[in-house]
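Build the full structure now, drawing on both the sequences and the hints.
Protein chains: 2
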Amino acid sequence: MKLDLGRLRKKGVYALIAEVCAEPFLVQNVEGRILYGDSDSDYTTKYPLLFQDEQFGWISGGKRAYAISRLVMLFAASECEKKELGQETLAKYRELIFLYDITEKLAASLRPQEVAILVISEVNKLIKADKVSLMLINEENGLLEVIARLGEEAKTKLTLKLGEGIAGNIALSGKAEIINDTRRDPRFLEGRHKVSSMMCAPLRIKDRVIGVINLSSAEPANYTAEDLKLLSVLTLQAAAAIENARLYDNLKEAFLTTVSTLAETIDKRDPYTGGHTKRVMEYSLAIGNFLGLSNPERERLKLAAILHDIGKIGVRDNILLKEGKLDETEYNEMKRHTVYGEEVLKYIKFFNDIIPGVKSHHERYDGRGYPEGLSGEQTDIIARIIAVADTFDAMTSDRPYRKALSKEAAFAEIKKNSGSQYDPQVVEAFLKAVAMW
Amino acid sequence: MKLDLGRLRKKGVYALIAEVCAEPFLVQNVEGRILYGDSDSDYTTKYPLLFQDEQFGWISGGKRAYAISRLVMLFAASECEKKELGQETLAKYRELIFLYDITEKLAASLRPQEVAILVISEVNKLIKADKVSLMLINEENGLLEVIARLGEEAKTKLTLKLGEGIAGNIALSGKAEIINDTRRDPRFLEGRHKVSSMMCAPLRIKDRVIGVINLSSAEPANYTAEDLKLLSVLTLQAAAAIENARLYDNLKEAFLTTVSTLAETIDKRDPYTGGHTKRVMEYSLAIGNFLGLSNPERERLKLAAILHDIGKIGVRDNILLKEGKLDETEYNEMKRHTVYGEEVLKYIKFFNDIIPGVKSHHERYDGRGYPEGLSGEQTDIIARIIAVADTFDAMTSDRPYRKALSKEAAFAEIKKNSGSQYDPQVVEAFLKAVAMW
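Just so you know, the protein sequences line up as chains R and U, in that order. The opening residue of the first sequence carries number 1 in this note's numbering; numbering runs sequentially from there. The opening residue of the second sequence carries number 1001 in this note's numbering; numbering runs sequentially from there.
Hint data in this document are derived by calculation from the structure and do not stem from the laboratory. No residue lacks a Cβ here, since even glycine has one placed at the ideal position from N, Cα and C. Hints are supplied without guarantee of correctness; some may be wrong.
Okay, the calculated bits of chain U under chain R, using three or more residues with CB under 8 Å as the criterion [stated by the list, open to error]:
#: 1; region: 1015-1021
#: 2; region: 1068-1076
#: 3; region: 1217-1226
#: 4; region: 1348-1360
Given below as structure tokens:
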């Protein structure tokens, strides 16, 4: 930090010293420019003004000039320290504001991807970089994988082993680094893009590294310790938010897989054979997209589609597994799987709002369905969607007693029954969705 | 902030001015104590030393005394500002360190209760209080409920409506408050404990209040804006961590309820009747506690106990639901539910590590069980635990063909088979556990 002799003049320090002092004196900066005093006087002594071993000016005068120089140095040092402290306080304020802002933005974000994108965009606002990427360690294979990036031209999936390249090394060491000249770093791996400088910081949860964040610049950049500090502030918050999101995601994934596998097992009374439940769910969601369902409605639809036949658990083997045609009594019992579905799900609070989707997926738009004979929009929209998705999958799958219909024949059959068996809006959305396959 | 004339003396300011100046002068503080100069001299003038409209001393001297006083005031003000900035920087440093520390501690804590207890203990370290409590808004009934507290004598469950009491008002307004005298606040509700002063801050996620944190002191306290600031720093982090933990908890709860309800439905081929699965899980966990299982092992045990009979989905009705005794062929088929269990679960990655618990819960310690005839510790510990829990619940429940045994008779039966059918260590832990019921 430089001493500011001009600032002391503005504060009137030299003039006050002159008032106190009996003799004239001259203040000059190190280049000789006069800041105070009369250059025409004859001065017999001359003393340097010093601060932290560096000279920043001169005091010329008579026998009191030495004392004057010490007084000026004392004053200048005090002002200088004040300025330094002011800058430090400001930097801490900025860091705090940044930290609060990030904490608030990341609060309760529930998707790792979402958190990563937010973090990258914040980094990009604060630190100059051409490319930013966030990599996480895949828990299954131990590889570092890019989960979000900014400024890449192609969507190449970059994967590194731990210890490989700069990011792979940072993931091992757990210490953030600035590499201002990548050519001089043997760990640097040449890629398709030019990278002259980079910064890399680990994402850590306590002592465990879960990933890294990389910043790079094509042209040489001079990243500073201050930049690295900001990046580290961010990674602290980001790591916690991403880890939370990832744990939540894993649990949700496990939940859905479990429920759909169990549901299909129940449906078939055989270990998982794969397919029907998953396909009905996919068809249902495709229809839901074209109907513009909200996210909560899509969630409800997804779960109801997975569990639509859960009530078959209550139907006895001799009916459920019968290979020939069911007689009327048997058919009436078979139809009861819709109400058995309600009986199973009513004990699970989490599923209470999908009961209509499960119970009513055999209702018809014209009111001639079961179990309640609801018509039109009396039937929950998710049940009207599942009705189409379920029938379509049944028609296009092989059964013991008949071969699968072609998709085209199934489309025609569904179109024919639009407005009688099916909600015309749902059929329309279904046809739009299948047109994209 | 007070000006510090003693500090200027230590820095040699007065001595330097004296060297520069041709005339003697005297520096006194406002009480008249001499800080610099000779009191015996004759001084003709006397000027006050002022800072921010307050007098803090005197300069006595001759015709230059006025200039000296201005020089001293300039110097003193510069030093004073420096000190203020230093304190501000320090405060910001503390806030940052505190924030980083809290972020790290809260990272990936997955239970709301755990987060709340951590937050309360941090508050207690930093701010003087007799009682600290953390309340969350129950999403179902909209009431504020205490989920963790410190310093309460009785475990009374305090619940407030929104808008009720101080906490209920803060939850509505979303603004933190200091109430240094509760007697003068009409919102204050008298409780069983004396409360003279309190601070209350909302826990917020973006614009949504999810709870409040309360601090109180029995004796009058003078909580400051700085205390409130610290509390607010903490609530920002705490709210995010608690909300994440709560979402995770809700999902996990839904998962477990769903899986156990579906599992029991499958077991009985009837909608949920409640009981067997839940009891086997509870008995198993009680045994696990006495065996000192680790948390991950407890988790594995819990899920395996819930799903131990999932394979019954593959056993046909004529065998599963038969009321009389099974013949040998039928019994052999019934036994296959253990391997069917493996077949169902192997499709669910999340459950892969509980397969041994499900598949082997009918193995015997002497190797005469099924399906593989494993003996001793060849059988997974969780299967050896479930074996005891499952038999005990079967023996003590009514069955169509026999009445339930008394608990005592069941204990005796299990003890008798310790070392042959059951692992003696497990039986020992079981008997310790039941002794506590």
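Query - Proximity test - 8 Å, beta-carbon atoms, the region 1217-1226 of chain U to chain R, at least three hits - result: n = 0 at 8 Å, threshold three: violated.
**Report entry** Coverage criterion applied to the region 1348-1360 of chain U (partner chain R; beta-carbon cut 8 Å; 3 residues)
**Finding:** holds (count 4)
Query raised in the report: If you look at each residue in the region 1015-1021 of chain U, do at least three have a Cβ nearer than 8 Å to any Cβ of chain R?
Result: It holds: at least three residues are needed, and the region 1015-1021 of chain U offers 5 whose Cβ sits within less than 8 Å of chain R.
Report task. Report holds or violated for chain R covering the region 1068-1076 of chain U, Cβ cut-off 8 Å, minimum 3 residues. Result -> Answer holds; 5 residues pass the 8 Å Cβ test.
In terms of the numbered hints stated before, the structure departs from hint 3 and from no other.
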